[in-house]
Every structure is written in structure tokens, then in C-alpha cells.
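Peer 1: In terms of my numbering, the sequence shown opens at residue 4 and continues consecutively.
Simulated from the structure, these hints should not be mistaken for laboratory data. Each residue gets a CB set at the ideal place from its N, CA and C atoms; glycine is no exception. Errors might be hidden in some of the hints.
As the list claims (entries may be wrong) - Straight line, CA to CA, 20 angstroms or less: simulated DMTMM-like cross-link-like pairs of lysine to aspartate or glutamate: (1) K57 / E67; (2) K267 / E244; (3) K285 / E372; (4) K57 / E281; (5) K63 / E39; (6) K72 / E24; (7) K207 / D195; (8) K361 / D311; (9) K18 / E39; (10) K126 / E161; (11) K242 / D326; (12) K361 / E372; (13) K172 / D183; (14) K215 / D183; (15) K242 / D424; (16) K126 / D183; (17) K207 / E218; (18) K297 / E281; (19) K361 / E394; (20) K329 / E283; (21) K191 / E208; (22) K18 / D113; (23) K380 / D144; (24) K172 / D35; (25) K172 / D195; (26) K57 / E39.
Unchecked claim - Computed beta-carbon distance windows for the label pairs: (27) P369 / P313: 41 to 49 angstroms; (28) A220 / K18: 36 to 44 angstroms; (29) A232 / D93: 40 to 48 angstroms; (30) P426 / R180: 31 to 39 angstroms; (31) K380 / I226: 47 to 55 angstroms; (32) Y75 / E225: 39 to 47 angstroms; (33) R348 / Y212: 37 to 45 angstroms; (34) A116 / A220: 20 to 28 angstroms; (35) V9 / A232: 23 to 31 angstroms; (36) R53 / E122: 36 to 44 angstroms; (37) S371 / T194: 27 to 35 angstroms; (38) K285 / K380: 34 to 42 angstroms; (39) T272 / M323: 36 to 44 angstroms; (40) A220 / R180: 21 to 29 angstroms.
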Amino acid sequence: NDYDCVIMSHDQFGKIPQSPELQRQILQAELDTVEENLEVIRTQGKDVSRGMLKGLEKRKQNLEAKLQKIAYSIEQRTDDVVDFRMMGIDHLFVDESHQFKNLMFNTRHDRVAGLGNSEGSQKALNMLFAIRTIQERTGRDLGATFLSGTTISNSLTELYLLFKYLRPKELERQDIRCFDAWAAIFAKKTTDFEFNVTNNIVQKERFRYFIKVPELAAFYNEITDYRTAEAVGVDRPQKNEILHNIPPTPEQEDFIQKLMEFAKTGDATILGRLPLSETEEKAKMLIATDYARKMALDMRMIDPTCEDHPDNKASHCAKMIADYYKRYDNHKGTQFVFSDLGTYRPGEFNVYSEIKRKLIEDYGIPSSEIRFIQECKNERARKAVIAAMNEGSVRVLFGSTSMLGTGVNAQKRCVAIHHLDTPWVRHEVA
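Kindly produce the complete structure, drawing on both the sequences and the hints.
Peer 2: Okay, here's the thing in C-alpha cells:
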């Protein structure tokens, strides 16, 4: 076949086998960097934290295990599976490229907050393999066009990783072989006071500022073409945001005090759970954050025996949905309800089903006009629900940010969008 272009989803692209030889080459380079960092750390002696040393040693073990697995697959290979290198693809256009932001990187800054997970994701690593294959064939940088409205969505490491993807030769020319070398040139680390999840003040060390901004901007602009919605003539409706404040229920007030005590002491029995393990102790604040999010949504997310309350989010949201439903009934106005917590699970308490119950029992909205995107088990069912929303036969659609966000064009009759919780990364809020 003589194709000019092949269009596929991110998931489909991730299923394309990558050249094991190239995988070995890239992972070996990562291992070499880790070993260099370990050597530097060992020469520093007492000035190095135990956590930093342990983290790098674990990283080394993981990379060595991956390399052994790849070496075995190369030795045992007997089939003629066509991998990405054999396909002869000479360029990639990657829409929503921020989905590949979690690429692995090496750092000795183990105590610095906000750098993200240095281990990265397999999805991002597969993208790196593919781009390096093209760069190896052409003998130059680039090889891909990244399209995104949020190039940096959560951490300044994402800017470095953008260069790692697209400008490896230029980074090498500047003798930048890892994140720490890049940060030493372009970022400034400071220690400052912040509020933690329980509203207490703590000290945090972060990379807070870019330095040498003109040089960094010039480097970035070499590979960037920037366009606004106004510049390309995209017609978008005006957004009218309404922040709906709800006072905490007595049960929530009580739990907030317990949560603050847990964050200070680490005593998990205060929350009615077993004492924290050694691993959980390190993630104490993440556990507190997770409890706080669930508590704010509905106390029954934490304790199913808690009673319903007229002032919880489910009650308020159901009333607002019903108000919009009646106000735009002649137009068959539709509404989206987003929540990444309490998503639909048959047979379990979940906020989706609770709001649906209230809409049916308290406000008389037909069950057939309320749907959950999670009920769609295949693409055909998903398209049918989207079509029903655009026709107005389905009036309320529940879903998570990932399932009901990008690529869902069901907005023809939309009159309101309700967010029960807030996504934690920039590209999901935009």
C-alpha cells in the first residue's frame, strides 16, 4: 500500500511495536546517566540524603531489569513482526501532545516539590522511541509536530522534556545531558512557605522561577508556532462561570478536624482505618488530600453509612440541573455533569447514581433522559449517546474529565456544564 497519511488514536499508536535495538540504546543512555549521578552522590558523602541515594539505586535496578528483558527478547526473536522502524514513517503529528508529558528523566533533586514522577509512563516512553527512530533516520532533530493548547500543564520539567523529545542534538551540543544540567542553566530553586492540604503553613523547596529567560525563549521559539483562537477565527461562546458555595455539613465539619489531626500526627486510626504502613507514611499528605477531596464531594464516599443531607453537593447539583432542565425545556436544553470522583459503578454508592436518583424521585425527570458515559462499552454506544444529546432525547450526561472531555462533540443543545470537583492539572481545566 502507498499511504500518504495514517490517522489513529493515542491508544492505537501505543500498540505499534518499537525497535528493541533502539529501546536498548535509549535505556542504556538513561542507565549511564543514573550511574553518573550515583557516582557524584557517593563522592559527596554525608551531604547526600539517604532517600536520594535509595531512589537512584532503585531507578538503576529498574532500568537494568528493562534492559535484560529487551536483551532476552532480541535473543529469542523468531517472528517477523513489523515494528515502527520498519514502517518507514518519516513524521508524526501528535494532537493533544501534553498527554505524553510524563516522560522519564533523571534528577538528584529528590527533596524538591513539583517535579513530577521521574519514572515517567510507558505511553510517553513509546513516543520517545518513535521520535528517536525518525531522528535516527533523518540525522537531525524534530521529526514530530506537537499540537497542544497547554504545552506546560503541571510542572516546569515538561518544558525540558519537550526539548528532550524534539531537540536532543541541540541539548547535546549545549552539554545538557539530564534535567539537572538544564535546570542549573534555566531555573532557580528557592525555599518558601506554603499552605498544605490542611491549611497549615509548611516550608517547601521548589523551582519557582525561570532564569536566562531571553535565551530560553529563543530556544523555545525555534520550534514553536503560537496561535490564539482569535487569530484563527474560532467562534466560541462566551463562558459564564458561576462558583456555587455550599456550607459544610456537620459531619463534614467533624471530619475536617479529624483530617487536620491526622495530617499533624499521622495517626490513621483517627480516620477509622488501620495504622499507616511504612510506605503509606511517606505518602501521608497524599492520603490526606484524597480524603479531603472525597469528603468535599460526599461523606458517603468515605463512610457509606453516613446519611444523605440537603446541603451536600448531590442535593445542590440535582436542584440546579432540574432548574436548567425546566427553564430550557422548550429548547430541549442539555447539560453535562463532570466528576472524576464517585464515578458510576453498578452496585456501589456513587455520586452519579445518587444525583440521578434525586432527579427522578424529587424532580420527575425521566430516567431515559439521564445517561452515564461509563455505560457505553464500545464506540458505537458512545456515538449513539452523543447523537442523542445533540438531538435532545438525552438531556443530562454524566462523565469524568477523560471520558467526557476532549473529543466529545455533544454540545449542540448544551445550556449548562456542572463540575462537582476540580481537575488537578492545567490542561484538564482549560
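Peer 1: Please verify whether K57 and E281 have alpha carbons no more than 20 angstroms apart.
Peer 2: holds, 15 angstroms
Peer 1: Return holds or violated for the Cβ distance of S371 and T194 against the range 27 to 35 angstroms.
Peer 2: About 57 angstroms separates the Cβ atoms of S371 and T194, which means 27 to 35 angstroms is violated.
Peer 1: Against the 20 angstroms threshold, does the CA-CA distance of K207 and E218 hold or violate the hint?
Peer 2: violated, 28 angstroms
Peer 1: Quick check on a hinted range of 41 to 49 angstroms for P369 and P313, using CB atoms only.
Peer 2: violated, 24 angstroms
Peer 1: Taken at face value, is the distance from the CA of D424 to the CA of K242 at most 20 angstroms?
Peer 2: holds, 18 angstroms
Peer 1: Does the structure keep K267 and E244 at a Cα separation of 20 angstroms or less?
Peer 2: Status violated; Cα separation ~36 angstroms.
Peer 1: Holds or violated: 36 to 44 angstroms for the Cβ distance of T272 and M323?
Peer 2: At roughly 38 angstroms between Cβ atoms, M323 and T272 fall inside 36 to 44 angstroms, so the hint holds.
Peer 1: Should the hint that A116 and A220 are 20 to 28 angstroms apart at their CB atoms be regarded as holding?
Peer 2: At roughly 25 angstroms between Cβ atoms, A220 and A116 fall inside 20 to 28 angstroms, so the hint holds.
Peer 1: Starting from K63, check that the Cα of E39 is at most 20 angstroms away, please.
Peer 2: Satisfied, since the Cα-Cα distance of roughly 11 angstroms is no more than 20 angstroms.
Peer 1: With 47 to 55 angstroms as the target window, see if K380 and I226 comply at their CB atoms.
Peer 2: violated, 40 angstroms
Peer 1: Taking 20 angstroms as the top limit, are the C-alpha atoms of K215 and D183 close enough?
Peer 2: With Cα atoms ~16 angstroms apart, K215 and D183 stay inside 20 angstroms; holds.
Peer 1: So if I understand the rule, the pair passes when the alpha-carbon distance is 20 angstroms or less; does K329 with E283 pass?
Peer 2: Not OK: K329 and E283 at ~48 angstroms, beyond 20 angstroms, violated.
Against the hints set out earlier in the document, violations occur for numbers 2, 3, 9, 16, 17, 18, 19, 20, 22, 23, 25, 27, 29, 31, 36 and 37.
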